[in-house]
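Here is how the chains run, residue by residue.
Number of protein chains: 2
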Amino acid sequence: MKIPKYSREITAFQGEKGAFSQEAVRLLLGPRAEALPCQRFEQVFERLQRKEAGAAVIPIENTLAGSVHENYDHLLRFGFPIVAETRVRIVHNLIAPPGVPFRKIRRVFSHPVALNQCLTFFAKHPEIERVPFYDTAGSVKMIMEERLTDAAGIASALSAGIYGASILKRSIEDDRQNFTRFFLLRRRGWRPARRPEAPKGWKTTLVFTTRNVPGALFRALSAFALRDLNLNKIESRPLRGKPWEYLFYLDFMGRPDEESSRNALKHLGELADFLRILGCYPAAG
Amino acid sequence: MKIPKYSREITAFQGEKGAFSQEAVRLLLGPRAEALPCQRFEQVFERLQRKEAGAAVIPIENTLAGSVHENYDHLLRFGFPIVAETRVRIVHNLIAPPGVPFRKIRRVFSHPVALNQCLTFFAKHPEIERVPFYDTAGSVKMIMEERLTDAAGIASALSAGIYGASILKRSIEDDRQNFTRFFLLRRRGWRPARRPEAPKGWKTTLVFTTRNVPGALFRALSAFALRDLNLNKIESRPLRGKPWEYLFYLDFMGRPDEESSRNALKHLGELADFLRILGCYPAAG
Numbered sequence: 001m002k003i004p005k006y007s008r009e010i011t012a013f014q015g016e017k018g019a020f021s022q023e024a025v026r027l028l029l030g031p032r033a034e035a036l037p038c039q040r041f042e043q044v045f046e047r048l049q050r051k052e053a054g055a056a057v058i059p060i061e062n063t064l065a066g067s068v069h070e071n072y073d074h075l076l077r078f079g080f081p082i083v084a085e086t087r088v089r090i091v092h093n094l095i096a097p098p099g100v101p102f103r104k105i106r107r108v109f110s111h112p113v114a115l116n117q118c119l120t121f122f123a124k125h126p127e128i129e130r131v132p133f134y135d136t137a138g139s140v141k142m143i144m145e146e147r148l149t150d151a152a153g154i155a156s157a158l159s160a161g162i163y164g165a166s167i168l169k170r171s172i173e174d175d176r177q178n179f180t181r182f183f184l185l186r187r188r189g190w191r192p193a194r195r196p197e198a199p200k201g202w203k204t205t206l207v208f209t210t211r212n213v214p215g216a217l218f219r220a221l222s223a224f225a226l227r228d229l230n231l232n233k234i235e236s237r238p239l240r241g242k243p244w245e246y247l248f249y250l251d252f253m254g255r256p257d258e259e260s261s262r263n264a265l266k267h268l269g270e271l272a273d274f275l276r277i278l279g280c281y282p283a284a285g
Numbered sequence: 286m287k288i289p290k291y292s293r294e295i296t297a298f299q300g301e302k303g304a305f306s307q308e309a310v311r312l313l314l315g316p317r318a319e320a321l322p323c324q325r326f327e328q329v330f331e332r333l334q335r336k337e338a339g340a341a342v343i344p345i346e347n348t349l350a351g352s353v354h355e356n357y358d359h360l361l362r363f364g365f366p367i368v369a370e371t372r373v374r375i376v377h378n379l380i381a382p383p384g385v386p387f388r389k390i391r392r393v394f395s396h397p398v399a400l401n402q403c404l405t406f407f408a409k410h411p412e413i414e415r416v417p418f419y420d421t422a423g424s425v426k427m428i429m430e431e432r433l434t435d436a437a438g439i440a441s442a443l444s445a446g447i448y449g450a451s452i453l454k455r456s457i458e459d460d461r462q463n464f465t466r467f468f469l470l471r472r473r474g475w476r477p478a479r480r481p482e483a484p485k486g487w488k489t490t491l492v493f494t495t496r497n498v499p500g501a502l503f504r505a506l507s508a509f510a511l512r513d514l515n516l517n518k519i520e521s522r523p524l525r526g527k528p529w530e531y532l533f534y535l536d537f538m539g540r541p542d543e544e545s546s547r548n549a550l551k552h553l554g555e556l557a558d559f560l561r562i563l564g565c566y567p568a569a570g
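Protein chains in written order, with this note's numbering: chain L, 1 to 285; chain W, 286 to 570.
Treat the hints loosely; a few may be bogus.
Here are the computed lysine-lysine pairs in the BS3-like style, where the Cα-Cα straight-line distance is at most 25 Å [claimed, not checked]:
id, chain 1, residue 1, chain 2, residue 2
1, L, K233, W, K527
2, W, K518, L, K233
3, W, K518, L, K242
4, W, K409, W, K389
5, L, K200, W, K527
6, W, K485, L, K242
Covered, in the sense of this in silico footprint (three residues per stretch, anywhere, with C-beta under 8 Å from a C-beta of chain W), are these stretches of chain L [stated by the list, open to error]:
id, region
7, 62-74
8, 211-217
9, 224-233
10, 239-245
Quick caveat, the hints were computed from the structure, so don't treat them as lab data.
Ideal placement from N, C-alpha and C gives every residue a C-beta, glycine not left out.
Based on the sequences and whatever the hints tell you, model everything.
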């Protein structure tokens, strides 16, 4: 495939145009970044690998639903460095074609996770049927294409703008403490035009396995605790081919070229069977 | 709802009859246990709560796909004690109506996870289309009901027997190291007729939160490491209402009425904001 000249500006993301991931693309790369929708997470990684995109944006965890475990697996397999993170507050809006009033709405389409995050709204409106759909923004796209007059979608405000739909009700989510954290990925060897600033410090994400002995994880964490390095997150994933053993993904505050972090990583390297740094980037908060 | 006399013998599980969860029911409760299929995991818990079942069997982790995170959330919310665990090797079989030969198969239905675990088979047979379906055993049920003559399902050997279908090819999964671990749950206050034996020792599952300070998880794990108690697994889940804080689910070898475990739990209680024991049961291996 011919690589277009502007490929470095194209950013792959999963979902339809208007997905929350596209909001993350804007936050990470500015309003002029060209967002390239992909159906599946794996395709987002493949686009970056085949140089059809110069960057990729993936969700890694949500404060209600938890980690996007599939993306942890892809991070390890593809090995693209994480160069930035951001957080998007998930605001669910009820969106219908222009001119369709709220009282006409009988069906609401959206991704099952989004439907489940708006239970208060549905309890208040028992006459409205919930219809699971493959994507949040995709539900708005479909409703506009089909020109449905009794249906709405639940999606981002951005998707209403993109498909020319109207927001009937804003922020119908049950829990406003609903945030998704996203990573910006580049290909190996990519260098920023200028060194980014990190007013809230640097964060490093790594993956390791321990020997399968008592206290192994405790000793691994001691590499950080004994140096007062703060862990933000730890996530376990099954280790293929070794049933009941695990990979650990860990975020800590620090950067590998600082002395205490360097020593911690050296210490962890002595204890771990396997260790790889997935990225170092300015912390979002 | 009237509670049938034999309700204590009924065991709720998720999936259609013949699902791998039903194999777990057999392993945990013997061949005479009556398995009650439920569509969703939450319904499995609700059946036990409403006394429509006397026991529930849920998958908690798979050695390829990882934890069933939704069930960790339900364990905490419903509070049913875990009283046993078992492991089922996931063997995927190609199953069709009797008399349909392999060379006629053009479509294969199954749960997307099962389809993805048989990629070698599909690579060898590019003429066969993969069709995602809601359930493994459900795909066999549907093929038999519809009497399809060009289609097969991928499911357990048990499901072939239940629906009167034939196994065309056995064990077509890519990776034989594919196991699912299941928990047996009872209502609070349930007591076994006789104390179970634990030839491989006792395992305890608990959930806790730490104060959000550097080294908190390290100190929590020290309660076990300093007493040479072996951790089998740790899993993090988001803490609702506190973005970027986590609940930790932990399995360790020991039982709370033994001295070292009792001391470890007391120690962990000092360090944790919240601590609950979810169950203590004979380890499966």
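Consistency of the hints with the structure:
no.	hint	in the structure
1	L:K233 with W:K527	14 Å, holds
2	W:K518 with L:K233	16 Å, holds
3	W:K518 with L:K242	14 Å, holds
4	W:K409 with W:K389	15 Å, holds
5	L:K200 with W:K527	19 Å, holds
6	W:K485 with L:K242	19 Å, holds
7	62-74	holds (count 7)
8	211-217	holds (count 3)
9	224-233	holds (count 8)
10	239-245	holds (count 5)
Of the numbered hints given earlier, the model fails none.
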